[in-house]
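Undergrad: Using the sequences plus the hints, can you model the full thing?
For the protein sequence lines, the chains are B and G, in the order given.
Each step along the first sequence adds one to the number in numbering that gives the first Met the number 0, with nothing skipped, and position 50 is 49.
Each step along the second sequence adds one to the number in numbering that gives the first Met the number 0, with nothing skipped, and position 202 is 201.
Mixed in with the good hints, there may be bad ones.
What the hints assert, rightly or not - On the chain B side, residues computed to face chain G include the following (Cβ under 7 Å):
(1) Phe-52
(2) Ala-54
(3) Thr-60
(4) Leu-61
(5) Ile-63
As the list claims (entries may be wrong) - Beyond 12 Å from chain B on every Cβ pair, some chain G residues (computed):
(6) Leu-81
(7) Phe-85
(8) Met-175
(9) Ile-203
Calculated directly from the structure, the hints in this document are not laboratory data.
Quick caveat, the model's predicted, so the values are computed rather than measured.
Note that beta-carbon positions come from the ideal geometry of N, C-alpha and C, so glycine has one too.
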Amino acid sequence: MTIVSGLIAIGAGLAVGLGAIGAGVGQGIAAGKAFESIARQPEATGTVRTLLFIALAFMETLTIYGLVIALMLYGKLGA
Amino acid sequence: MFGSAEAAQAHGGGLISDWGGMYLTTAWGVMALLVLIAVLATRNMQKVPSGLQNVVEFLIEGMYNFLEGMLGPERVKKYFPLLMTFFLFILASNYIGLLPWVGHEGPEAGGIGKYIPPTANLSVTAALAIIVFMSNHIFGLLTHGLGYFKHFFSPMWWMLPLNLIEEVVRPVSLAMRLYGNIFGHELVVGSLLAMVPYFVPVPIQLLGVLTGAIQAFVFTLLATTYIAGATEKHH
Numbered sequence: 000m001t002i003v004s005g006l007i008a009i010g011a012g013l014a015v016g017l018g019a020i021g022a023g024v025g026q027g028i029a030a031g032k033a034f035e036s037i038a039r040q041p042e043a044t045g046t047v048r049t050l051l052f053i054a055l056a057f058m059e060t061l062t063i064y065g066l067v068i069a070l071m072l073y074g075k076l077g078a
Numbered sequence: 000m001f002g003s004a005e006a007a008q009a010h011g012g013g014l015i016s017d018w019g020g021m022y023l024t025t026a027w028g029v030m031a032l033l034v035l036i037a038v039l040a041t042r043n044m045q046k047v048p049s050g051l052q053n054v055v056e057f058l059i060e061g062m063y064n065f066l067e068g069m070l071g072p073e074r075v076k077k078y079f080p081l082l083m084t085f086f087l088f089i090l091a092s093n094y095i096g097l098l099p100w101v102g103h104e105g106p107e108a109g110g111i112g113k114y115i116p117p118t119a120n121l122s123v124t125a126a127l128a129i130i131v132f133m134s135n136h137i138f139g140l141l142t143h144g145l146g147y148f149k150h151f152f153s154p155m156w157w158m159l160p161l162n163l164i165e166e167v168v169r170p171v172s173l174a175m176r177l178y179g180n181i182f183g184h185e186l187v188v189g190s191l192l193a194m195v196p197y198f199v200p201v202p203i204q205l206l207g208v209l210t211g212a213i214q215a216f217v218f219t220l221l222a223t224t225y226i227a228g229a230t231e232k233h234h
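TA: Laid out in structure tokens, this is it:
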């Protein structure tokens with residue numbers, strides 16, 4: 000395995016690893032706030048849950064972009 | 000996951016939509032399954048449902064009531080068939096990956112097997128996302144006429160480029176999210192299976208039950224918000 004292949008492998012690992020940091024922090028904050036608001040106003044549970052799911056989906060997309068980049072890099076590994 | 004980079008090359012080297020095997024076969028299997036369940040549930044319908052009819056009615060009614068809260072009583076009638084079809088197809092596609100001979104495979108195969116869930120392929124999820132994109136704009140045009148294009152210039156005319164980028168990002172992110180989640184799940188299970196064949200992949204498989212339902216729900220939810228936004232009456 001050449002140096003280039005090794006660098007590509009590191010890049011693939013970092014792409015999804017670094018991407019997961021931001022999305023993890025963001026999702027944690029969003030979920031925590033959602034639980035807080037449900038605890039404060041239990042009658043708003045349905046609305047909060049729907050909004051939380053939408054928000055989590057958007058945050059998660061960023062990590063998934065990283066995963067897709069990692070997969071593309073992995074495909075280039077043997078080249 | 001492929002055992003080596005050479006194997007990845009042989010499978011289309013870098014073109015991620017070519018990874019993995021026969022997604023069309025499983026897609027037809029999912030469709031046949033859904034039709035079969037629909038026929039079995041609606042054959043000989045009763046006023047007081049029991050058995051399969053009861054289960055299907057519970058699922059459909061629950062989703063209908065949920066979407067009614069987002070769309071309102073008139074629009075939900077119009078758009079529910081499309082949205083529920085997305086939900087059922089994606090749910091069944093995700094769950095078919097839990098079958099032992101679909102998706103991940105044992106250590107000798109080294110990960111992704113011959114048959115994969117349809118949603119673990121970028122072409123399938125992209126097709127679904129394009130259907131959402133087209134229907135969203137067509138419903139908007141049918142509701143507002145040519146005035147529909149006004150919303151590209153809101154709230155200010157110079158927001159046009161940003162609005163256009165948003166319209167492109169929506170289907171791309173829909174497709175990538177579904178594909179990445181399901182394919183990533185199969186990849187993780189396959190890698191674990193190659194390392195420790197027994198018991199260790201089970202918790203991840205259980206997580207797949209959760210992921211499959213949540214991703215189907217999120218796709219439907221986002222499609223609903225897009226359609227709701229496009230067909231909203233402003234005045």
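Undergrad: Tell me, which hint numbers fail for this structure?
TA: Those not satisfied are hints 2, 4 and 8.
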